[in-house]
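Engineer: What follows is each chain in one-letter form.
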Amino acid sequence: MSKLTDFGKARRETTKMVPVPSHSIMPERDLGQAPALECLHLGIDFGGLKAVDDFNITVGKTEICGLIGPNGAGKTTVFNLLTKVYQPTRGTIMVDGQDTAGMSPARVNQLGVARTFQNIRLFDTLTVEENVRIGLHNQVKSGMVSDILRLPRFWKAERDFHEKALWYLDIFDMAKYADWTAGSLPYGAQRRLEIVRALATGPKLLLLDEPAAGMNPSETAELMENIVKIRNMFNIAIMLIEHDMNLVMNICEGICVLNFGKIIAKGTPEEIQQNPQVIEAYLGAGAHQGEKGGEAA
Amino acid sequence: MKKLSKTLRSTLSTYALIIIAFIVVQVLMGADLISNSLQGQLVPICAYVCLAVSLNLVVGISGELSLGHAGFMSVGAFTGVIVAACLARAGVEAELVLFVVSAVAGALVAGIVGLLVGIPVMRLRGDYLAIVTLAFGEIIKNLLNNFYIGVDNAGLHFSMQNSSSLGMEQGTIIVNGPQGAVGIDKISTFVGGVVLVLITVAVVLNLMHSRSGRAIMAVRDNRIAAESVGINVTKYRLMAFAVASALAGAAGVLYAMNYSTIIPSQFDFNTSILILVYVVLGGMGNIRGSIIAAAFLTVLPELLRAINDYRMLIYAVVLILVMVVPNLKAYQRLVDMVRVRILKRDAAEQAPAAAEGGEGHE
Ligand SMILES: Nc1ncnc2c1ncn2[C@@H]1O[C@H](COP(=O)(O)OP(=O)(O)OP(=O)(O)O)[C@@H](O)[C@H]1O
Ligand SMILES: [Mg+2]
Numbered sequence: 001m002s003k004l005t006d007f008g009k010a011r012r013e014t015t016k017m018v019p020v021p022s023h024s025i026m027p028e029r030d031l032g033q034a035p036a037l038e039c040l041h042l043g044i045d046f047g048g049l050k051a052v053d054d055f056n057i058t059v060g061k062t063e064i065c066g067l068i069g070p071n072g073a074g075k076t077t078v079f080n081l082l083t084k085v086y087q088p089t090r091g092t093i094m095v096d097g098q099d100t101a102g103m104s105p106a107r108v109n110q111l112g113v114a115r116t117f118q119n120i121r122l123f124d125t126l127t128v129e130e131n132v133r134i135g136l137h138n139q140v141k142s143g144m145v146s147d148i149l150r151l152p153r154f155w156k157a158e159r160d161f162h163e164k165a166l167w168y169l170d171i172f173d174m175a176k177y178a179d180w181t182a183g184s185l186p187y188g189a190q191r192r193l194e195i196v197r198a199l200a201t202g203p204k205l206l207l208l209d210e211p212a213a214g215m216n217p218s219e220t221a222e223l224m225e226n227i228v229k230i231r232n233m234f235n236i237a238i239m240l241i242e243h244d245m246n247l248v249m250n251i252c253e254g255i256c257v258l259n260f261g262k263i264i265a266k267g268t269p270e271e272i273q274q275n276p277q278v279i280e281a282y283l284g285a286g287a288h289q290g291e292k293g294g295e296a297a
Numbered sequence: 001m002k003k004l005s006k007t008l009r010s011t012l013s014t015y016a017l018i019i020i021a022f023i024v025v026q027v028l029m030g031a032d033l034i035s036n037s038l039q040g041q042l043v044p045i046c047a048y049v050c051l052a053v054s055l056n057l058v059v060g061i062s063g064e065l066s067l068g069h070a071g072f073m074s075v076g077a078f079t080g081v082i083v084a085a086c087l088a089r090a091g092v093e094a095e096l097v098l099f100v101v102s103a104v105a106g107a108l109v110a111g112i113v114g115l116l117v118g119i120p121v122m123r124l125r126g127d128y129l130a131i132v133t134l135a136f137g138e139i140i141k142n143l144l145n146n147f148y149i150g151v152d153n154a155g156l157h158f159s160m161q162n163s164s165s166l167g168m169e170q171g172t173i174i175v176n177g178p179q180g181a182v183g184i185d186k187i188s189t190f191v192g193g194v195v196l197v198l199i200t201v202a203v204v205l206n207l208m209h210s211r212s213g214r215a216i217m218a219v220r221d222n223r224i225a226a227e228s229v230g231i232n233v234t235k236y237r238l239m240a241f242a243v244a245s246a247l248a249g250a251a252g253v254l255y256a257m258n259y260s261t262i263i264p265s266q267f268d269f270n271t272s273i274l275i276l277v278y279v280v281l282g283g284m285g286n287i288r289g290s291i292i293a294a295a296f297l298t299v300l301p302e303l304l305r306a307i308n309d310y311r312m313l314i315y316a317v318v319l320i321l322v323m324v325v326p327n328l329k330a331y332q333r334l335v336d337m338v339r340v341r342i343l344k345r346d347a348a349e350q351a352p353a354a355a356e357g358g359e360g361h362e
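Each protein sequence line maps, in turn, to chains A and B.
Residue numbers for the first sequence follow our numbering, so the first one is 1 and each next one is one higher.
Residue numbers for the second sequence follow our numbering, so the first one is 1 and each next one is one higher.
Okay, chain A solo, but in the shape it has when bound (with noise of 0.2 Å):
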């Protein structure tokens, strides 16, 4: 566990957060830069529900952020709309600089836009390395004519897939279960491959949606490292929706608090944790136990 409590005093000493002009906050090193995201005024209506409003973001180039709040805010609902699985009733979504108004969900990961989900999706009766390699789709280059006819560009593609494909794989230790069926992996391991597939798109934001969900605290603390890690080595802004406090209050910089699908507080986890309205509408007794439990450790 005293890894868990290093991850946060790291990020104290190396991370300084100050105000960006769209009342958000990012850190300072990615001042300067077109930040990975900005949203300003995102919301969408189911019916008579406004499941999100009046949503504004910043994250930075490099920056672990943190969207969290009890259940139905619309947490998940605000990275369907970043990803286009839902097309927002109002607002602006910016992804590195650039309007994504208009596009497709393919077309947003494209751009750059990669994510996990909260209910596992992966490509079931496909290996694993299948899924890395579908992954890879956009990477790796080869058309219908010379897949059909097994020209010379299709074998340099499938050779390029296999070791792009392991890789990625290898960063998170799976490239053993390369064979397996995804559908047939523990449950910890299904959301690792998520995670290893939504890399795989080179993507420059990464959205994990509860990614530490039904893991166990090993486990828990192992993604941890990795998501820190992936941040280092890729250079990707990476934004996470956790239940899990421990997790986000060590590893993000930034935290942004939803509820009833508005945003009612952002700032550092430190600020996050001594917000009353954040401590009433969602933390209450759980965020004092959860430092209580990272001191003892």
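Bear in mind the hints are in silico, worked out from the structure with no lab data behind them.
Ideal placement from N, C-alpha and C gives every residue a C-beta, glycine not left out.
Treat the hints with care, as some may be off.
Straight-line distance between alpha carbons at most 25 Å, and here's what the computed DSS-like set of lysine-lysine pairs gives [unchecked claim]: (1) K176(A) with K164(A); (2) K156(A) with K186(B); (3) K176(A) with K6(B); (4) K141(A) with K204(A); (5) K186(B) with K141(A); (6) K16(A) with K204(A); (7) K141(A) with K156(A); (8) K329(B) with K156(A); (9) K164(A) with K6(B); (10) K262(A) with K229(A).
From the derived model, a few chain A residues whose C-beta atoms are all more than 10 Å from chain B [stated by the list, open to error]: (11) P19; (12) A34; (13) T77; (14) T89; (15) F117; (16) D124; (17) R133; (18) R150; (19) A157; (20) A198; (21) A200; (22) I279.
So the derived list for chain A, only partly shown, Cβ under 10 Å to chain B, looks like this [stated by the list, open to error]: (23) S104; (24) H137; (25) N138; (26) K141; (27) E194; (28) V228.
With the hints as your guide, set chain B with the ligands onto chain A.
Structural biologist: Using the frame of chain A, we list chain B with the ligands on its own:
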């Protein structure tokens, strides 16, 4: 490489199955052990195998329901017949050339029609393909019922009223409305049929085990996830559908060139359903299964001809059994038992290989 990868093994065994079946039939024919009526079925069997395999690309691999496969078959068939008649009139005599050119033409036209039918449908979410292909099959049948096409020295003539309105001098009528295409050169052969089966299987399997094929299967397995990794869903659904249509077109040419006459109503809804039955029985996405199911169910009525009175009854019973048995608890338990045994054996084999680590693929 000591052990072939699983996919390669299954691919090779599929080709082996076709070639062995071909050799067996040739030997039996040499020994005069195949009845005349069964010999007449050899080309249709090949055509149905091609149709089942190509429909499996849509239904099994791409995961969409198509109820109009016979429609694409008829587009190919009539295109092929027209092209062959024109070529023959232009003095081409080599049967091989006639067959290859008309098969390619049939595939091309059917593929283009597949694209045209697919483009508006594939943009929609949901299972509209079944409805549209069902309608397409009926429309194409009724259209062809009203087509009169003939050829004379001035070229191709077309009418939708009757054959006399074609206005030809000393021409030949190729397509004569509800009477269908007449005077077809019977140039399809069993060897040609087997070659077409091999080509169809190769196209489908090569596509399946490639970048494009993985994208198609990704869309089938989880559309939202496929989009989230940047796959253009419309493009790959369309690709599977158009390639399958083209292959059905080629199979239609093979089928048509086996008879002197074909009529549009041969390629109706019932035929589409028959092909679908082969695919379902053989297993979704299982190419070898489609081949076996199509061949077996086409041969079965012929084999049962000896007991003529009960022929269709037995056929029906077999069909019901094949559908019902796999869903029985007792059968599933048996399969599980066998599978566990095999898995154990495989695991014992694989353990040392896995320990060596990263083994080559393909
Ligand atoms: N497609 C939809 N149609 C109608 N309502 C929806 C739809 N998707 C989400 N909602 C509603 O929007 C609200 C927010 O849902 P969302 O899934 O974003 O919550 P969440 O914050 O991710 O919760 P959890 O922590 O349980 O995952 C809920 O009230 C939900 O019922
Ligand atoms: Mg959620």
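Engineer: If a hint holds in the structure, say so; if it doesn't, say that too.
Structural biologist: For each hint, the structure was consulted:
no. : hint                 : verdict
1   : K176(A) with K164(A) : 15 Å, holds
2   : K156(A) with K186(B) : 43 Å, violated
3   : K176(A) with K6(B)   : 16 Å, holds
4   : K141(A) with K204(A) : 20 Å, holds
5   : K186(B) with K141(A) : 44 Å, violated
6   : K16(A) with K204(A)  : 21 Å, holds
7   : K141(A) with K156(A) : 9 Å, holds
8   : K329(B) with K156(A) : 46 Å, violated
9   : K164(A) with K6(B)   : 21 Å, holds
10  : K262(A) with K229(A) : 31 Å, violated
11  : P19                  : 32 Å, holds
12  : A34                  : 21 Å, holds
13  : T77                  : 14 Å, holds
14  : T89                  : 19 Å, holds
15  : F117                 : 7 Å, violated
16  : D124                 : 6 Å, violated
17  : R133                 : 6 Å, violated
18  : R150                 : 6 Å, violated
19  : A157                 : 6 Å, violated
20  : A198                 : 7 Å, violated
21  : A200                 : 8 Å, violated
22  : I279                 : 34 Å, holds
23  : S104                 : 7 Å, holds
24  : H137                 : 6 Å, holds
25  : N138                 : 5 Å, holds
26  : K141                 : 8 Å, holds
27  : E194                 : 8 Å, holds
28  : V228                 : 23 Å, violated
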